[in-house]
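All chains, please: the whole structure from these sequences, using the hints.
Protein sequences appear in the order of chains A, B and C.
For the first sequence, my numbering begins at 1 and goes up steadily by one.
For the second sequence, my numbering begins at 96 and goes up steadily by one.
For the third sequence, my numbering begins at 579 and goes up steadily by one.
Keep in mind the hints are simulated off the structure, nothing from the lab.
From a predicted model like this one, the values you see are computed outputs, not experimental measurements.
Straight-line Cα separation of at most 27 Å, DSSO-like style, residue types lysine-lysine; simulated pairs:
no., chain 1, residue 1, chain 2, residue 2
1, B, Lys224, A, Lys92
2, B, Lys484, B, Lys543
3, B, Lys517, B, Lys572
4, B, Lys534, B, Lys571
5, B, Lys309, B, Lys258
6, C, Lys923, B, Lys174
7, B, Lys570, B, Lys507
8, C, Lys615, C, Lys1055
9, C, Lys687, A, Lys78
10, B, Lys457, B, Lys485
11, B, Lys192, C, Lys810
12, B, Lys337, B, Lys297
13, A, Lys78, B, Lys224
14, C, Lys615, C, Lys669
15, A, Lys78, C, Lys669
16, C, Lys810, B, Lys167
17, B, Lys174, C, Lys810
18, C, Lys923, A, Lys78
19, C, Lys685, A, Lys78
20, A, Lys92, B, Lys309
21, B, Lys517, B, Lys507
22, B, Lys457, B, Lys266
23, C, Lys669, A, Lys92
24, B, Lys554, B, Lys571
25, C, Lys923, A, Lys92
26, B, Lys504, B, Lys484
27, B, Lys543, B, Lys572
28, B, Lys474, B, Lys570
29, B, Lys447, B, Lys435
30, B, Lys174, A, Lys92
If you want the footprint, here are the derived chain C segments under chain B, 3+ residues with CB under 8 Å:
no., segment
31, 655-667
32, 802-813
Even glycine gets a Cβ: it sits at the ideal position worked out from N, Cα and C.
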Amino acid sequence: MSLDRSDVERIAYLARLAIDEQDIPAYTENLSSILQLVDEMQAIDTTGVEPLAHPLDGEQRLRADEVSEINQREQLQKVAPATEAGLFLVPKVIE
Amino acid sequence: MEWETVIGLEIHVQLSTQTKIFSGASTAFGAEPNTQACAVDLALPGTLPVFNENAQRMAIMFGLAINAEIGKRAVFERKNYFYPDLPKGYQTTQLEKPVVGAGYVDITTDEGSRRVRIHHAHLEEDAGKSLHEDFHGMSGIDLNRAGTPLIEIVSEPDMRTSKEAAEYARKIHAIVTTLGICDGNMAEGSMRCDCNVSIRPKGQEEYGTRTELKNINSFRFIERAIDTEVARQIDLIEDGGKVVQETRLYDPERNETRSMRSKEDANDYRYFPCPDLLPVVVDDEYVEAIRATLPELPDARRERFISEYSLSEYDAGVLSAYRPQADYYEAVVSAAKDAKLAANWVMGELAKNLNANDTDIKASPVSAEQLGGLLQRIKDNTISGNIAKKVFEHMWSEGGSADEIIEAKGLKQVTDTGAIEKVIDEVIANSTPQVEQYKAAEPDKRGKMIGFFMGQVMKATGGKANPGAVTGLLKKKLDALCD
Amino acid sequence: MHLKSLTELAADLASGAISSVELTQGYLDRIAALDSKYNSFITTTGEIALAQAKAADQARASGAAGHYTGLPIAHKDLFCTEGVRTSCGSKMLDNFESPYDATVVAKFKAAGAVMLGKTNMDEFAMGSSNESSFYGACRNPWDTDRVPGGSSGGSAAAVAARLTPASTGSDTGGSIRQPAALCGITGIKPTYGRVSRYGMVAYASSLDQGGPMAQSAEDCALMLNVMSGFDKMDSTSSQRDVEDYSATLNDSISGLRIGVPKEYMSDDLDPQIAERVQAGIRELEKLGATVKEISLPRTRMSIPAYYIIAPAEASSNLSRFDGVRYGHRCENPQDLMDLYTRSRKEGFGAEVKRRIMVGTYALCAGYYDAYYNKAQQIRRLIQQDFLEAFNEVDLIIGPTTPHPAFKIGEKNNDPVSMYMEDIFTLSLNLAGLPGMSVPCGTVEGLPVGMQLIGNHFDEARLLNVAHQFQQVTDWHKQTPAGI
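Right, dumping it as C-alpha cells:
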C-alpha cells in the first residue's frame, strides 16, 4: 500500500501533528514502506477467525460505586501549563 | 406538495451514580471547578479506567423498562477526536456491542398512539465543560463533569410530529426518573436531547437528508425547534435548494436554528475496542435480579391511578410522569383519603407554587403529610376551600400543620346556621338596592345575582362562613322576600 | 561492591556487612563518575535515595526489614514517580513531575527499596535501540559505539555497567528482553496482566508489561515478587495469586520438555548466534531436559501484526498529550488547532510521530478491516500456534535477537529494518505469554541472549530453568571490560 502526500496531510490533521513541508516526502516514504510490510498480512487466510483484542480472555471487573478520590486540584494542577480560578486555560473555544 | 416529517431522537441521560463511570471521583453537582477531577479524569499519563458497577446496573434497569434485549457481552470502544473538554483525546463509549439492544416505548398524543422503537441504548462517559467567559482571550476548562456516566438512547426515526417527539422525550424522562437512575433536572443538563429532523414528500419511502438539532433541554423547545427546522427545510426545498446534512443549534430567543461551526469537519472517529477495558459480561441471573428491583413503571402507575383512584387519563398521566411527584401524590391520598381532591391540589395549588418558585417537588416546603392534613380539614368542613388556600400559603412560607395554622389564625369555618342567618339578615338589611334588583329580576336570572350577597356575607364573616351553607340559606331568605 | 548481585547485597545488608546508606552512596558515586560514558540515567534522585536508605537502615535496626529493604532500584523513566520528573524519554514530558506513583513504584517503596534514579529509554517506549530518546542515545557498556537495545536501553546499560544492581523495564514487543540480550543481563517480561500497568505510561495497552532487569534469574525472582499482583486500579490486572518466585528456583528440571521452533533456527539466523543458543540448550539437556523441534508457523506474521496493533493503540493513547493539562505546550498558541499541532510537533520525536500516523491510518474507516481487524485475527492465530505447541512441550527456547548490538546510527534511516530486529520477541506480547532473556555467550565480544518462553503464568518455571542454567554457566556474571 503506497501513500501519497494528501494521505499524509489528512492523517497528520486527524492526529493533530504539524508536519513541516520539507519533511512530508520522508514521512510519505517511511509510512508507505511500513504499510508495504504490513500488507504481507493479506496473504494469510483468516476467514472465521475471531480477532484477539485481549491476550487473556477475561471479563471486566466491576468497581463499587463509592467515592474514593478526594479533591486534589492544587496538587494535580501544579503540572498544568496555564490555569486560572481552578480552570485549565486554552485558546478560545468557539462553538 | 404534502410533506411528511421524520424525526428521531438521541437522548443523553446522566446517570445518578455517586462516582464517575471509570474513576472513584464524586459526581455531585455544583462543586468548584476541577475539584472532582481525579488523575484518571484528567487523563494523567499512566492512568487507567475501572468500570462502575452501578452504571451497569442502571443501564440494565433502563433496558428492562423499555422491553429491550440486554447485551450480555458489551464492549467499550474509543471514539477518537480532539477537544479541550475531552482529556484523553477519545471518549469511551459503546458501538457494536452496547449494553442495551432494541426496545420500545408507547406514546400517546392528541393525534393518536404510536410505538416508538428504540434502536439501542449505550453507556458512555460525559465530557467536561468549556467556560466561555474571557480569561484574557482564553477559555476555561472544568473537568468535574468529565467521566460522568451517561446512557445515550437512540430512537428509530419513528416520530412524525414535533408533538410526538416532545411526548417521547417526556416518556423517557418519566421512565428514567421513575427508575431513579436520573434526577431528570433538564436545566442542569441531566437529560439532553438531540433531534434528527428530515422531511420527504408524503408517500415517498426514501428518507430526506436530515439535520441534527443539538442539545435541546426542554420539552417545549423540542417542539418549537423541530417546527422551526421543518419550516426552514420546506422553504429551502420549495425554493429549489437542498438540505445539507449538518448540526444546527436552536436559538430559543429568535426561535430559529443556526448551523453550528462544525468542530468535526471531515472527522473520522477511528472507533476500536478499548484495550484498557475488558468485555462486560452479564448472565441471566444478574439481569433477573435487577428486574426484581424495578419499581412500578410510569405506564403501569398511570393505569393504576385510573383504576384505583378513578382519575381521568389526563390527570393520571400528569401525576404518574415524574416519580417524586407520583410518590408525593400517593402520600397525600393516603393522608387525606380523597384521591380526586388530592389530585386537584397537587396539580393545582402545589404545582402553581412550585413553578412560581422554581422549586422541584422533592424540595417542596409543604410536605405530603402537611398537605394531606389540610385536605382532611376541607373534607370535614372545618374550613372552606378558599380558606384552605390561605392556610396553604401560610404553610408554604412559614410552615406548620393545618391544625396549628387554623387555630393560630382563627380560621375555623363558620357552619352554625344560626350565626350565618344572623349575618345574612344584616346583609339583606344593608343592601336594599340590590335586594330590589333581585326581586325585580326574572327568576332564572336571579342565580347570577347571588354572587353579590355571597361576597357580602363572606366579607362580614372574614371568609369563614361555609359557602355551601350560605348559598342555601341566602337563596331561601331572598326568595322568601320575592313572594 | 558493585559487582555483587541483588541477592548478595541483600545478604550483606542482612548481616550488617554494609549499611544501605553506604551502599546507596556507593552507587550514586559510580553513577556520577561513570554515567557520562553511557548516558543510562535521565534523572538521578540522590537526595531521595539517601533518605530512603536511611529509613531502610532504621527499619532494619528495629527488626522490620523485608526482602527488599535497603536495596537499590532504578526505574525506567516510563514509570510515574511522585514528585520526580517522569519524561518517558520525551521532550513532551521533560517538564512533567508526576503527581502520583505508579503501582510498581509504590510497591518497591513499600518494600523498602532505594530509588537511585530514572533510566533512559526510547521515546514513549517506541524503539529497539534507545536512539530516539530526547536525552540522547544511550551507549552499550560492552562497546560504547553500539546501541544497548531498546526501549529499556538505559535500564539494561545501567545494570550492565553495574551502576545499579537492578532496574525495572517495560516490554511491549521485546523492550526488556532485547536490551537484556544486547547488554548481557537477565530480564523477564511477565504474562500480560501479572504486573500492574497503573502509572506505567501506556504505549500499546494490550501488549505492555513491566518487568525486572537484573544480573540473574535469582535477582529477577526477588524483584518479580515485589512487582507482581492484582491491582484494583488496572482493569487488565490478573486476580490470580502470586507464587513466591524465589521458592522454586532450585527445583530440578529433569524431565523438562523443551521445544525449539524451526522457524527461529532457520538458515537465515546468524550461525554464531545459533551456535551459542544450541550450546545453551545442550546445558539444559545435561540437566535432564529433553528437546524437540516444534513449529510456530505464523512467526513471520508477528511483525506486520505488531506494527499495526501497537501503533494503532499508541496513536490513541498518545492523544492525551495535547498541551492542555500537563506536558509541553508551544509558545503563544494562536488558536486551538495551533495549540495541538504545534505542541505535539515540538513535543514528539520522529519515530513517535511515524507510529502515531501509521496507527491513525490503520484505524481509519475503510482501513480498519484490512489492517487493525486483520492484525487481531492474525494475533489469535499466533497465540493458537503457541498454545498448540504447549500441548507437547513445557518451554520454548530460541535466540532473543537475530543479531548482537548494532552500531549507533546504523539503522536510523530505515525504520523497517529496525523493526525486523524484533522478530523473536514480538509474538510473545501478541500472545500475552511470559518470556525471559538470559545471557548465553558472546559473538565477536558482544553478548547474545537465549530466550525462554513459557505458557501463561508460568513465570516460576522460566525463572527456575534460567536459574538452573545460571548455576552451570557464568555468562550472566561477565561484565564489560573495565567494569
